[in-house]
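These protein sequence lines are chains Z and H, in that order. Counting from 1, one number per residue, gives the positions in the first sequence under this note's numbering. Counting from 1001, one number per residue, gives the positions in the second sequence under this note's numbering.
Because the hints were derived from the structure by calculation, they are not lab data. Since the structure is predicted, the reported quantities are computational estimates derived from the model, not experimental observations. Among these hints, one or two may not hold up.
With a straight-line cut-off of 30 Å between C-alpha atoms, the simulated DSSO-like cross-links for lysine-lysine are [as the list claims (entries may be wrong)]:
1. 1332/H x 44/Z
2. 1305/H x 1332/H
3. 1285/H x 1270/H
4. 1332/H x 21/Z
5. 1308/H x 24/Z
6. 1240/H x 1251/H
Here are a few chain Z residues that sit away from chain H, every Cβ distance over 12 Å (derived from the structure) [unchecked claim]:
7. 42
8. 68
9. 115
10. 137
11. 157
Glycine included, every Cβ here is placed at the ideal spot set by N, Cα and C.
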Amino acid sequence: MSASAAPGTRSGRSDFAAIAKWIKPNAQVLDLGCGDGSLLRHLKQARGVTGYGIEIDDARVLACVRNGVNVLQNDLESGLSGFESNSFDYVILSQTLQAVRHTERILKDMLRVGREGIVTFPNFGYWRHRLQILAGRMPVSKELPYEWYDTPNIHLFTIRDFQVYCRTHGVRILERLVMAGAKPVSVLPNLLGALAVFRFDAGSRA
Amino acid sequence: MPPEGSVGVVSPKLAHFDEPIELKSGARLDSYDLAYETYGALNAARSNAVLVCHALNASHHVAGVYADDPENVGWWDNLIGPGKPVDTNRFFVIGVNNLGGCHGSTGPSSINPATGRPWGADFPVVTVDDWVQAQARLATRLGIERFAAVMGGSLGAMQALQWAISQPERVRHSIVIAAAPKLSAQNIAFNEVARQAITTDPDFHGGNYYSYGVVPRRGLRIARMIGHITYLSDDTMAEKFGRELREDTLKFNFDVEFQIESYLRHQADKFAERFDANTYLRITKALDYFDPAAACGGDLSATLKPAKAGFLLVSFTSDWRFSPARSREIIKALVDNRLGVSYAEIDAPHGHDAFLMDDPRYHNLIQTYFGNIVLQGPGT
């Protein structure tokens, strides 16, 4: 399974604005699983970043070229060995982490290549998802628009899961934004949030 | 009427240069000719020129046909023409036969003005750098200060890369297809077998076969067969020929039996008719010597520091001659320098020769990339 088969939703992209706000002007950005390149294009226009996207799918690579975005066709699962350590300000993994096979390796590689990492992911703990589980079905929603049999998502997880991962793997969370639709969620985020955006670094190891 | 999308009937031109050219080997040519063709029209701002660099077996005849030879279609005709991925309604495309060639540019079979006889063995060994230098002079002659793009596949891609390094102000986009930053030992080994086939042919006469009225046809044929095998993938050969026999039964002798043998012999015959052995020797040397990183102690990233172009790289998964991994070496160096680069790895079965095929994923990509090239003033 390819890591960047546009899992989750790439439409609407309520996380774009948050990511753009966090990123320093003129930063150097690597976008893993960059889809049609619209995030990079947005960051180029809004923040003047220099960026490269990585994408495996032929049609999306073509879309990136059409969007005037640098795209390198590659399978994320083969790692980021083509990139020097600490060579980017940010490495972004937008709505792709839940579809990656080697989760730990990619998160580690993100913080090797980038000074900071940014991930966005659909929150499996969202109340609508929990209700569907209670009803005995795998959740299907705007954030998880797939049936169990055709989903590219293989590592579904909750906001709390990710936070525990960071604590146990020496990852320092710098900023977090949880959203439901276009609105930010501050109360009971793991229950009321549909989408999470995290910015993190390697903490004291950095 | 030429078919739709064709540039139609074209005719080669010849540019003569009297300004001596110093070659990388230390040799120099006091004067030389370059054969070239052009398609489309140079715009008023002179900002729409595209240089197409050829690989081992090709020439300046990139697109269209000749009036007196309608079967002789340009080698990249499927890519270049009105409405095609490199659209000659928009771009002014130039194909040039490289120095040392045998299709009209000065080469070993040309007359050496000093002796009045063909250069033969005395013609110097030329390099990719030398070709770029000569091409740049032709560009100046044609009034082109800066190319919208320089492009090529295989050895042509090496020239496109070299242009970005040694003429950074003169190339806006470098299109590098099925390339390698330098040859591997295996690549050089295949070239050496080809050269040995030619130089040990009794008709080679140390490279001065012209005066004997012969050509080292046997050697050239074998060289072509070896080369051709490396251009195709195992899968393509299996699919196209398999173990198919020309006749139903085995003959237990050494005549042509398998279809692949017949095909190779046919390719070899065609090639030996039209290609000069001395040119072949020199072009394989140019391939072997190509190693732009050597100028910076093997550091390709440092070598690419002066480059300013935007890059498009394409490789093909079944290409075992210049595999995708070789393109990724170039990409790493481009990314290290934060140069604009896009890269596609086309899952095509045809091996190295895929760069000459019209796979829609590949051609759509080229079309889209060229469509995004903005044509304004010469400085844009």
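Each hint tested on the structure:
A threshold of 30 Å between alpha carbons decides the hint, and for residue 1332/H with residue 44/Z the separation of about 21 Å falls inside it, so the pair holds. For a cut-off of 30 Å, the pair hint linking residue 1305/H to residue 1332/H stands: about 12 Å separates their Cα positions. As the CA atoms of residue 1285/H and residue 1270/H are separated by approximately 23 Å, the hinted pair is consistent with the 30 Å bound. Distance check on the hinted pair: residue 1332/H and residue 21/Z sit about 29 Å apart at the alpha-carbon level, within 30 Å; holds.
Using a Cα cut-off of 30 Å, the hinted pair residue 1308/H and residue 24/Z holds, with the two alpha carbons roughly 25 Å apart. Using a Cα cut-off of 30 Å, the hinted pair residue 1240/H and residue 1251/H holds, with the two alpha carbons roughly 22 Å apart. Against the 12 Å criterion, residue 42/Z stays outside the reach of chain H, whose nearest CB is about 17 Å from its own CB. Distance to chain H contradicts residue 68/Z as a non-interface residue, since its nearest Cβ pair spans about 6 Å, not more than 12 Å.
For residue 115/Z, the requirement that its beta carbon stay farther than 12 Å from each beta carbon of chain H is met, with the minimum near 15 Å. With a minimum CB-CB distance of about 36 Å to chain H, residue 137/Z clears the 12 Å threshold, and the non-interface call stands. Even its closest Cβ contact with chain H, about 30 Å, leaves residue 157/Z beyond 12 Å, as expected for a residue assigned away from the interface.
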